[in-house]
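So the protein lines, in turn, are chains A and B. Counting along the first sequence from 1, when you hit position 27 you're at 27 in the numbering used here, and nothing is skipped either side. Counting along the second sequence from 1, when you hit position 39 you're at 160 in the numbering used here, and nothing is skipped either side.
No lab work stands behind these hints: they were computed from the structure. All C-beta atoms, glycine included, are put in the ideal place defined by N, C-alpha and C. Possibly wrong hints are sitting among the right ones.
Partial pick of chain B residues on the chain A-facing surface, computed with a CB cut under 8 Å [stated by the list, open to error]: (1) Asn-171; (2) Val-204; (3) Phe-208; (4) Trp-217; (5) Phe-219; (6) Gly-220; (7) Gly-222.
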Amino acid sequence: EVQLQQSGPELQRPGASVKLSCKASGYTFTEYYMYWVKQRPKQGLELIGRIDPEDCSTDYVEKFKNKATLTADTSSNTAYMQLSSLTSEDTATYFCARLDYYDGTYYFDYWGQGVMVTVSS
Amino acid sequence: DIQMTQSPASLSASLGETVTIECRASEDIYNGLAWYQQKPGKSPQLLIYNANSLHTGVPSRFSGSGSGTQYSLKINSLQSEDVASYFCQQYYDYPWTFGGGTKLELK
């Protein structure tokens, strides 16, 4: 059974950094891209970027290029996202999501349970 | 970026009713559209991809249709477990973008 298990909720001060984890199981970690998605109430869902665990190549949506850093550890089948210089705008729930694709069709077939990040002084 | 506009933002319906949610793209997305269901406190779950293909295990009361810039998700014979928020997402052009969501409640 495919599972993406994310780390626990975070409370951080403005200006701090936080590193979130997403541990994959039930499939071959290196065979699927892992994406990260941000969700804020009344703001909908936003794509942050992805990592290819096979070679750790990354791709970021423009607005998150200076905010998020994606890494992966194939020895533990875990993907990470570090968020830097936190502000109140980073208060959100963050999901990791596995991408499946074929012939120009892309979809997120498995999602982590989400992790709430709260930025407050 | 392609903008995805969903309507309505919220919807109240009775058990057994048929519900339709609309999603409009700011440009042609050539059926590169997925629908997700998100129950309160849970992560999104894939329902539909390629605008009208039902994902494995999704009940057949869910269906998707549309083309060009206009798409819709239909739920036939609404069940209590369908209470959730629904999001469309285009994957025709990167960055992939999501609609603002439709919150479905029981009347």
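Hints numbered earlier in the text: which of these fail when held up against the supplied structure? 2
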